[in-house]
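Visitor: Could you build the full structure based on these sequences and the hints that come with them?
Sequence order for the protein chains is R and Z.
Quick note, the first sequence lines up with residues 1 to 501 if you use this note's numbering.
Quick note, the second sequence lines up with residues 1 to 109 if you use this note's numbering.
No lab work stands behind these hints: they were computed from the structure.
One-sided excerpt, in silico: chain R residues whose CB lies under 10 Å from chain Z:
no. : residue
1   : Ile289
2   : Phe352
3   : Leu353
4   : Lys355
5   : Asp357
6   : Asn363
7   : Phe396
8   : Val399
9   : Leu400
10  : Gly412
Ideal Cβ positions, reconstructed from N, Cα and C, are used throughout, including at glycine.
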Amino acid sequence: MNPRSGVFGRAGRVLVVLTILLVSLSGGLAAQEASAPPPAQEAEAEAQMQVVAQPAPVPEPAADEAEDEYRADYDALIEEQGQYAYAFDFFTISMVWTVIAAGLVFIMHLGFATLETGLTQSKNTVNILFKNMFIVCIGLLTYAVWGFNSHYPGDFNGFFALGSAIGDLNADGGSTFGYGGVALAMTGYGDFIFQAMFAATAATIVSGAVAERVKLLPFLIFATLLVGLAYPWIGSWHWGGGWMGGLNDGNGFKDFAGSAVVHAFGGFAALACVLLLGPRHGKYVDGQIRPIQGHNMGLAAIGVFLLWFGWYGFNGGSVLSASPGPLGLVFTTTSLAAAAGGVSAAVVSWVFLKKPDLSMGLNGILAGLVGITANADIVSAMSAIVIGLIAGVIVFASVLLLDRAKIDDPVGAISVHGACGVWGILACALFDNTGGGLTIVGQFIGVLAVGGSAFLFSLIVFGILKAAMGVRVSAEEEAEGLDYGEHGMEAYPHFQTAREM
Amino acid sequence: MKLIKSIVRPNKVDEVRDALEKLSIPGMTVTEVRGHGRQKGHTAIYRGKEYNVSLLPKVEIEVVVADAVADEVIAAIITAARTGEIGDGRVFITPVEHSYNIRTGERDI
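Guide: Dropping the structure here:
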């Protein structure tokens with residue numbers, strides 16, 4: 001550290017960067033406000049309407065040639081929307097929000113990577129990161145070549161639809177408001193990329209639970225099949241318009257952003273794998289539970305904050321438009337549930353375990369987030385707090401109970417995503433304030449179907465892999481660390497010389 | 001020459017270094033270690049499970065000094081590192097045959 005850094009030391013540099021960001025942001029916002037068009041007017045209701053509805057009374061084109069040129073481009077842009085030109089502003093803003101949300105959901109992978117790294121041992125860090133890196137990549141690829149069309153097949157038998165590669169999603173009005181109207185105010189590609197980011201998050205839940213002893217290749221094969229086949233298949237039952245639309249006496253299953261189809265799905269798949277895999281060596285010895293500590297609480301905390309940040313896209317983007325009412329509500333309920341979950345898990349761990357446990361508090365935040373994911377748009381702010389508080393207690397109890405049952409989950413994935421995913425689904429029926437006709441039974445059937453199917457799928461596929469090639473590394477490799485055994489690499493090389501030692 | 005190996009509490013390292021500087025001892029080697037003497041460990045807790053931590057973090061400071069000043073140095077280290085509680089550490093003395101300066105190649109006595 002340079003003792004002469006003075007005011008331009010680390011803190012000073014951060015301050016300067018933040019100031020620059022703040023100034024550019026305000027400048028950008030001011031510029032945007034200045035150029036925002038006036039509110040749109042209703043288009044005439046005529047079938048063969050050819051004239052493009054203007055957003056507002058416009059002045060005569062100036063004699064200036066440059067302005068005419070821009071004018072023509074802009075008019076052409078509006079004309080591409082055809083009969084939907086009237087919704088251009090709302091559509092554009094909604095689409096922008098959608099792609100930003102897709103980017104936020106992507107950030108969750110960074111969160112998963114750092115959280116799992118922090119909660120496991122340093123000798124397995126490369127392995128954990130490799131799995132996380134691979135899953136996001138393979139998730140996007142499989143969703144493009146199969147998943148999207150299997151997930152959202154349109155008209156189908158309600159149970160299974162074959163997938164296929166995506167074509168030109170801008171075609172046939174796919175780049176206009178007509179793609180999905182107010183309920184799905186984005187282009188076909190926007191829809192695809194937002195959903196594609198979700199797919200990989202479901203599979204990555206498993207990677208934490210099987211950490212530190214799973215063999216790499218069978219896991220990668222399993223994860224590919226889970227995200228490639230099972231996720232869109234099971235997801236089509238609900239979001240794809242499948243049979244779960246008949247639940248709750250025809251009112252349909254409620255799962256706003258995926259407590260069931262993403263989180264419970266991943267959590268119960270993880271449970272199946274962990275049961276087949278067995279616990280880490282030395283975890284349960286002579287009837288005792290031995291702690292195997294994570295090597296970096298800093299990374300774990302960073303991971304949870306990133307996940308919370310990304311969740312604004314996960315839940316916020318699931319509004320599927322920029323509709324202001326639901327958007328503000330969802331951001332509020334999501335935040336309050338996360339906060340409540342963190343507090344309740346921290347307090348409960350303090351009371352029952354004598355000391356406040358950071359990793360429990362972090363898991364509590366995630367528990368609250370998972371719990372609100374199903375119902376963020378149909379509950380009140382106060383209900384969101386209650387949902388989060390209860391989720392924090394559930395995750396605490398689940399972590400301890402799983403350990404007592406000798407089910408080894410290094411990061412608490414099964415508890416956060418499986419147990420609290422179920423809670424989030426049931427909470428829909430308990431806290432719905434929109435009169436959506438949800439019942440506990442209906443919701444329970446739905447989450448049982450989703451979680452149970454994920455569990456069965458994983459049991460079968462991972463079981464086959466176990467029989468065919470084994471899914472667990474040798475005891476020696478587990479002791480030495482998977483980084484060296486599976487990757488021939490160290491995450492934290494110690495003494496190193498330029499030449500090979 | 002004597003090798004004076006001191007194992008002290010991590011928060012006492014600065015005081016020991018100041019004491020050595022006052023006596024014009026120019027060089028030292030410092031290592032982070034874990035261990036214990038009679039000091040009992042403490043109970044930690046991780047995700048609901050208690051466990052015992054008995055290998056406690058300490059810092060090892062090694063200096064090599066001439067025989068004539070060894071006693072003075074030892075006394076200064078002990079004074080600087082002492083808190084009066086169990087776990088203050090220990091000082092070990094071993095004889096050193098020779099000491100060479102790598103830059104000049106000289107052998108000190």
